[in-house]
Amino acid sequence: MQISTVGIVGAGTMGQGIATTCAAAGLDVLLAERSPEIAAGCLEAIGEDLDRDIAKWRRTESEKKAILARIRLVAGLPALEAAHLVIEAVPEDLELKCALFRELDGICPPEDILATNTSTLSVTEIATHTKRPDRVIGLHFLHPAPRVPLVEVVRGLKTSNETFAASREFVRVLDKTAVEVFEYPGYVTTRVMLPFLNEAMHVVMEGVASAEAVDTAMKLGYGLPVGPLALADRMGLDEVMRWMQYLFDELGDLKYRPCPLLRKMIRAGHLGVKSGRGFFEYEPE
Amino acid sequence: MKILVLNCGSSSLKFQLVETDAAAEAAGTDRTLAKGLIENIGSTAVLKYERPGAKPVKETAEILEHKIAVERSIALLTDAETGVLRDRSEIGAVGHRVVHGGERFKASVRIDDAVLEGIEDCFDMAPLHNPPNVRGYRAARAVLGSVDHVAVFDTSFHQTMPPEAYVYGLPYALYQRHGIRRYGFHGTSHRFVSRRLAALLGRAHDDPGLRVITCHLGNGCSVAAIRGGRSIDTSMGFTPLEGLVMGTRCGDIDPAALLHVVLREEIGSAEVNALANKHSGLLGISGLSHDMRTLLEAAGQGNERARLAIDVFCYRLRKYIAAYVGALGGVDAVAFAGGIGENAAAIRAQSLRGLDAVGLGLDPATNAAAVGTEAEISPSGARARVFVVPTNEELLIARDTFRIVSGLPPA
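Order-wise, the sequence lines are chains Z and U.
337 is the number of the first residue of the first sequence in this note's numbering; add one for each residue after it.
-17 is the number of the first residue of the second sequence in this note's numbering; add one for each residue after it.
These are computed hints drawn from the structure, not numbers from a lab.
Take the hints with a grain of salt, since some may be wrong.
Distance condition first, Cα-Cα at most 25 Å in a straight line; then the derived PhoX-like pairs of lysine-lysine [to be verified]: (1) U:-4 x U:-16; (2) U:40 x Z:401; (3) U:30 x Z:400; (4) U:-4 x Z:400; (5) U:88 x U:37.
Excised from the complex, chain U in its bound form (with noise of 0.2 Å):
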């Protein structure tokens, strides 16, 4: 079946055809027939797409509103030049990329009125996020027509958290009155990530037994912590600003400090917003760049705080697999993903350096060799083994709708 998975922004629409099914899904045979992305929504708009196998379009066009980015990606998607089917009707079903799901959606699930009304109900906790998720959803049935869509929530995956996990220390009226605990993001990948990672080690993805830690490490990074293809721990908590530095994210910080900047630099609830999610994490520790390959190429010619920021990054990670092999009760794979996880093994070894005393160590020669792909990194007859596993949260949306559309039992 031929799925179209959408991951819509507040101006911004991410776009893939998928062809997967129950055979495909199980071979690992099932691909991405094109992709596409349209940003600046609502204005001048810059389209990019491409089909393996033809030349990518890039072109700029005036777009005011969500409906007409989906038009434009379907007609491209069914152009006589640049498509890849013949008409939209060839499209079994949408996948809609959700952020938050609340406590209420621990599960993907096919969208009715509902869930719509599910959806918004988390628009308080998610107020940048959910409202374009939910105007994706609005454009695409109003441009689909019939077709099934589904929503694939970010938070779900984590929705298995124990309450120990996901309670802050905070007075329980707050959780009470407005949901403030742990949800967890990137859900979708941690999921993704660590299926791959069972069938690498021969593993069923659910058997009980299995410890695995899976690092997401791309503009946002989180870790999860999963045992028996449940997650029971991750870094990120009420929204993505917990946990780990990011490329602007600070991670985890005491919040007095941040009421004192309050009054030192008298600044507002707004201010403070985007000090700790747009202006902070190695961009501002650095002050040169939120993007890892530029602090690498720049700690190597010696600038300090490029090296600062690699330094707190990567320490901060340490310390969440540490405490994650606590958590676990002992570890029996570690996973790298994302854009940093992928391709930066400089950041894989600094990050684990140390960790022999729980099993985790890096065979230099196999690490410096994986970038973008997958592979063992882990030395022969480790006790802990280490992988790096590239991420596809769009094959799993597609993956998941079509299960749901088909009436299989998640996979």
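Bound-form chain Z, shown alone (with noise of 0.2 Å):
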């Protein structure tokens, strides 16, 4: 099936980051939001990001008009029975996503792939809550979804191969490479970064090397943009705790032991870049 129209639940930062997306693809986009307040400022926030984007010469100006001009804000989900494809991105409680999957799966015709954007919760819990888990899958966007060329497609236990095929198709469309996920905690991802940087925020701890150091030497001595430490920052050390918190929690296993610098420091109000100071200090925007 011709994917053309995409349905999107959710017009938070995630929800918008992925309709940009697909509308840049040239695929007409049916954002879902309940909230008035949200849904009211979404498409202004879309355009601000955009406006960015021309800033730093990614986007022009007729490419903004264009990819707006696709996105249809719209109040309900029966409104996304005319999708082909409907990515869930409304914020991570499995109650909520298991109801609205109930939902789409009365609303939605039975070809429709319906897909989540969880990092965290199980899509074959997700799916049992369908009359086609076959057709359910995971396509986790990472932040910012516009400029971050990953998707990991992940498969639930039902996941049937033809789904799999039909998004990697999909994400391909969007000009983005596809990596194929058997679901587990944290995926490839989050389950090979976190570590990486609280590793680096034990190392400061330790007092082998202060920030700035640990941040230079891991850029220069293997190419990375950004250091772990800067990165943690940027992430938020609230979102880096809880993530360490929920692989611990999971996998049971030391090595996802959150540092105890990481929580002193949320306790202290250092979330990085957000509070104004995490490892590094910034200057209010």
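Assembling the complex is the task here: the two chains are given apart, and the hints tell you how they should meet.
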């Protein structure tokens, strides 16, 4: 089936980013948002993000116009019946997502693929709330979705090969690269990156090197565009903490134990870029 | 013979139905019967269609792929009300514009499996253009069945350039490994205009002593130096970015300047590519528009950046024309074509200013009067003559297609 209309549920940061990505690839987007407050501001926020792209010569004014013209905001889920693929990007709450998939299952034609952008919850479990578990899949876009060229395509236990193949083709149409991942906590990106950030914090805590020294060493030594501590600051230290705790709880291995220094910094209100201070200091925007 | 000419972009399809044959070509009486444009394929597409003597059609429709776009085009051409054909079997052949033919395709060619493979081998060098060209071919073949298809390349006319014109001053290994060299584009237009120019001069187009310079000035701009009907140099290079300042492209630039921008602005290769191709040129300098008409109007009202953009544009063009006079060892005629070349008398005048030293000059009255029409604009008795020659790439694609499917030698 040719996917030309994509439904997106949730117009928060991720939903906006996925909508922009799809519209930039020439697809029509139906963006469903229940909260009138979020809905009211979301097209403006997408426009502002596109303005930042224009300022950095990533896009042109006419491309911005075309992208915005392809995104249609809808209030309720029934409008998503017209979509060929629906991607859910609502908050990470299992009950919320399961209820949503039950509802989508009743609205969308049975051949449609239902995808979740979850990074922590089980695709397999969400799929059990539909009559089409073979057509449920995870599409894990990373933030900021329009600029990260990767999507983790996450197979639940019952996801069919056809659903996977169609999803991979969809990712290709978005001009991104898909990696096939079998559902497991943290997938690939989070599972490999978070312990790396955590270890960098241990190095600082143990007095082996300063934060600047750790980031300089890792950037120059391995050709990384950004050091691990600056990256943690950008992600938000509370988010990093939440992730480590999740991996630790799910996998029970000590190597996922959150670094005590991380815990202490969060208690002090040092959350990274968003609070003006983390491992480094930041000017307010 | 009625030839369908297709020019297929990533989400667009331009089509023309042209009636031509050997006699009509010789007499210059071959003509476009109808033409159309479908944009935004893959979603809600916008379709425009017109036929001389009938009301233009404009509609929107869901057109998800090129095959459906080709179907729709043929439906319009055969429609009882809008059409010009009784049925699709009247289409004698299909001519396709293909952007990049690399070093393999030195002339237009009938498309078979081997040719298709050759075009696909050039995907790497024209990732935005060749794949949709092939998609258009596959769509037309699926819709029209056994009719012959011909590929006409933007690059092939410039394949006669000698190595000293096409080799870059880079390590030669890059040419050998990746085909990094100058190819040139707009070949169909330069070929059409230079032939017409020869006819206007009353000389055979392959007269070995004939030296002409053709300026294709549209949204993309290029100049070609042509001796004896063969291109010996052109301003575009490995991609259509090199050479003249264009609507949104920077043209010639020191590559180190872009490397510096990468560091200073913390951007990547995709951004640099967009910066140089979509945000530069007339638009980038003026900060106002890529459209020369808008800039001429603004400059007339005192807008200094619009004036500067025009000055840079004309100065670069003048340098190229003078350089090609040198490359050709003199010049017999210069032609202006494309939207700017055919319509903007002020740009033609400014670009030739000071070139009287090499025998190039304009008659102000005839230059000002030549808007969108063929005309000689140099003063009578001039050593080198200057013309406005409206280009018609589709017509040349149709003529090539007719000759190839009829087994005639190339014109």
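Now for the hints, and whether the structure bears them out:
1. U:-4 x U:-16: 16 Å, holds
2. U:40 x Z:401: With Cα atoms ~21 Å apart, residue 40 of chain U and residue 401 of chain Z stay inside 25 Å; holds.
3. U:30 x Z:400: 23 Å, holds
4. U:-4 x Z:400: Roughly 24 Å separates the two Cα atoms, so the pair holds.
5. U:88 x U:37: Answer violated: residue 88 of chain U to residue 37 of chain U is near 40 Å, above 25 Å.
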